[in-house]
Amino acid sequence: MANPMIPRERSDFSAIVDRPPLKLPGNARIVFWTIVNYEVWDIAKPMARQLLPAPTGVPLMPDVVHWAFHEYGMRVGCWRFFELFKKLKIKPTLSANARICEDYPRVAEQAKRDGWEFMGHAYEQGPIHKEPDQPAMIKRTLDTMEKFTGKRPVGWLGPGLTQTLETPDHLTAAGIKYIGDWVYDDEPTVIRTANGPLVTLPYTIELNDIPMMLIQHHESDYLLKRAIDQFDRLYAESKHRAKICALAIHPYISGQPHRIKYLEAIYKHVNKHKGVLHWNGAQMLDWYQGIAAKQLKAAE
Amino acid sequence: MNFPKPAVGMLPNDRLGYSPIAKRKALKLPKGARMVVWTITNVEEWDPTQTMPRTVLTPPAGGSPMPDIPNWCWHEYGNRVGFWRLLQIYDEFKIPGVMNINGVAVEAFPDIVKACAERNWEFIGHGFTQRNMQKVENERADIRKCIEVLERATGKRPRGWLGPGLTETWETPDILAEEGYDYVADWVLDDQPVWLKTRGKPILNIPYTQECNDVAMMLIQHHKASEFYERAMDQFEQIYKDAKGSARVMAISVHPYIMGAPHRAKYFRRIFEKIRKKRDVLFWTGAQIADWYLKSGPKAP
Numbered sequence: 001m002a003n004p005m006i007p008r009e010r011s012d013f014s015a016i017v018d019r020p021p022l023k024l025p026g027n028a029r030i031v032f033w034t035i036v037n038y039e040v041w042d043i044a045k046p047m048a049r050q051l052l053p054a055p056t057g058v059p060l061m062p063d064v065v066h067w068a069f070h071e072y073g074m075r076v077g078c079w080r081f082f083e084l085f086k087k088l089k090i091k092p093t094l095s096a097n098a099r100i101c102e103d104y105p106r107v108a109e110q111a112k113r114d115g116w117e118f119m120g121h122a123y124e125q126g127p128i129h130k131e132p133d134q135p136a137m138i139k140r141t142l143d144t145m146e147k148f149t150g151k152r153p154v155g156w157l158g159p160g161l162t163q164t165l166e167t168p169d170h171l172t173a174a175g176i177k178y179i180g181d182w183v184y185d186d187e188p189t190v191i192r193t194a195n196g197p198l199v200t201l202p203y204t205i206e207l208n209d210i211p212m213m214l215i216q217h218h219e220s221d222y223l224l225k226r227a228i229d230q231f232d233r234l235y236a237e238s239k240h241r242a243k244i245c246a247l248a249i250h251p252y253i254s255g256q257p258h259r260i261k262y263l264e265a266i267y268k269h270v271n272k273h274k275g276v277l278h279w280n281g282a283q284m285l286d287w288y289q290g291i292a293a294k295q296l297k298a299a300e
Numbered sequence: 001m002n003f004p005k006p007a008v009g010m011l012p013n014d015r016l017g018y019s020p021i022a023k024r025k026a027l028k029l030p031k032g033a034r035m036v037v038w039t040i041t042n043v044e045e046w047d048p049t050q051t052m053p054r055t056v057l058t059p060p061a062g063g064s065p066m067p068d069i070p071n072w073c074w075h076e077y078g079n080r081v082g083f084w085r086l087l088q089i090y091d092e093f094k095i096p097g098v099m100n101i102n103g104v105a106v107e108a109f110p111d112i113v114k115a116c117a118e119r120n121w122e123f124i125g126h127g128f129t130q131r132n133m134q135k136v137e138n139e140r141a142d143i144r145k146c147i148e149v150l151e152r153a154t155g156k157r158p159r160g161w162l163g164p165g166l167t168e169t170w171e172t173p174d175i176l177a178e179e180g181y182d183y184v185a186d187w188v189l190d191d192q193p194v195w196l197k198t199r200g201k202p203i204l205n206i207p208y209t210q211e212c213n214d215v216a217m218m219l220i221q222h223h224k225a226s227e228f229y230e231r232a233m234d235q236f237e238q239i240y241k242d243a244k245g246s247a248r249v250m251a252i253s254v255h256p257y258i259m260g261a262p263h264r265a266k267y268f269r270r271i272f273e274k275i276r277k278k279r280d281v282l283f284w285t286g287a288q289i290a291d292w293y294l295k296s297g298p299k300a301p
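Residue numbers (my numbering), protein chains in the order written: chain A, 1 to 300; chain B, 1 to 301.
Hints should not be assumed to be uniformly reliable.
As the list claims (entries may be wrong) - Computed footprint of chain B on chain A, listed as stretches where at least three residues anywhere in the stretch have a Cβ under 8 Å from a Cβ of chain B:
hint	segment
1	153-162
2	246-255
Claimed, not checked - Chain A is faced by these chain B residues, among others (derived, beta-carbon under 8 Å):
hint	residue
3	G17
4	Y18
5	P20
6	T49
7	P53
8	V56
9	A61
10	G155
11	H222
12	A261
13	H263
14	A265
I should point out that these hints are in silico values taken from the structure, not numbers from a laboratory.
None of these values were measured; they are calculated from a predicted model.
All C-beta atoms in this analysis are idealised placements derived from N, C-alpha and C, irrespective of residue type, glycine included.
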């Protein structure tokens, strides 16, 4: 593609106060969107995140420490997630590297059995900018997931939310209907691509355990504190217009013994409120497509 | 110490001599007020084709691949959603706003400009783009373009200036004075306004803040959201105490993409809930502070 659109060409600026409020069905006010991220960290590559800097400050390969740090999430941490969501009867969105279906079939099988939504999150973990053939990688991701679950994913989240300017065009070409990469609003929006409209759902890098725990180094209980502050504000605003509160978690971070109780406490707080829907991305997409004919048409 | 002088412009100490605050003539505010609080809201437009000025999420395995859509979006949220939350707080507590805005952002976000203009906020120049002044090709043209854009959008010439990221060249105050600015806020070195010499007429500097500033606190120091409230209160209480004999100025600086996030907004609101009750504290714009100091402060050198 010679001249892919820059973000402003994909989406006009729009102030939230100038839009008619969105309405959720019944007496619902707010959607609480849980996104669980399961990944594959290939030992042959640099590890996606580091907790412990190498003694000399220079990262060396292979980085077994951080491979193991992540592996803990797949061996142990994710089972704390499965247990929690089964108990709460929540079916989260699973943002997964498609390779988990091959490398961790036990984990992927559990998510499938529990009815989680599979969302494309690249074939394996690494910035999409380094991907030599994006359309092929996207197709491989969706094919692998479809083969495993019997359903083709409708949603996509770039690894680390990374995109090149062309990515939205490649995604709609592959049949993707919504992305979580555009964290620029509280509401779903529609952006233009070379192949028609693409919905953005309000994912989050604020209420996300990677920035909070691994980049900003907050204490474990701050996950709960920020989640309450975020939810309470959005809940108050949802009196007048439907809101979405996203929470993004990783099993190697929030599945740690010292953090899991704060995650559990978030749901305890949220579920004390009336009018909360625990929807996943596909359910939100269905709802939004039903009420946003005008926006979708405008992005044709 | 004698430091080598730049070819153009001046060294800081050639613009103002050292002056201990304890030895100055007392400054008096009208009606027995002790201190002034001014609140600066920063609105920027981030160029999606350049490296993002700040990031909240680094890419997996590091580096800074371009384009950087997640961090562009994270900032854009402030203008689509966060700003409108902050505006409610300013309205609720009747805080006169100071809009510190890039020239390009004036054109990109007319709704924001309109909302501020309707409330009679003060607009100050903040660079035509969010790029360090040392890297701007033609500094004077950049400063002029800001005046033109703001005058066209609001009908008023801006009187104040804050450089993008507070950056200056050796010559910035000279150019600002020559282009008709009354004050600058880049020099965070005092609790009171000070005069800066330029090669022409002197220019005022009004106390801004890097400490009660959400970029420093939330993005660089990674404090939790409530720390913004706590630090602002600690800062306020100390300045209030210090201002017993002679007036002082406190600044609070925020960005809609940071304090306008749902989980942070309430800590910003709580500051005003607390300090707005004080009868001897004035909430002014930069221009009001400048006008007061021009009338009541020491004459220009």
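Comparing the hints with the structure gives:
1. 153-162: It holds, with 5 qualifying residues against the three required.
2. 246-255: The restraint on the segment 246-255 of chain A is violated, since only 0 of its residues have a Cβ under 8 Å from chain B and three are required.
3. G17: With a minimum Cβ separation of about 41 Å from chain A (threshold 8 Å), the hint on G17 of chain B is violated.
4. Y18: 38 Å, violated
5. P20: Interface hint status for P20 of chain B: violated (38 Å vs cutoff 8 Å).
6. T49: For T49 of chain B, the interface hint holds, since the closest Cβ of chain A sits about 7 Å away, which is under 8 Å.
7. P53: 15 Å, violated
8. V56: 5 Å, holds
9. A61: This interface hint holds because 4 Å falls under the 8 Å limit.
10. G155: It is violated, given that the least Cβ distance between G155 of chain B and chain A is near 22 Å, above 8 Å.
11. H222: Holds - the Cβ of H222 of chain B comes within 8 Å of chain A, reaching about 4 Å at its closest.
12. A261: 5 Å, holds
13. H263: 4 Å, holds
14. A265: Holds: closest Cβ of chain A sits about 6 Å from A265 of chain B, inside 8 Å.
Consistency with the previously given hints fails for numbers 2, 3, 4, 5, 7 and 10, ordered from lowest to highest.
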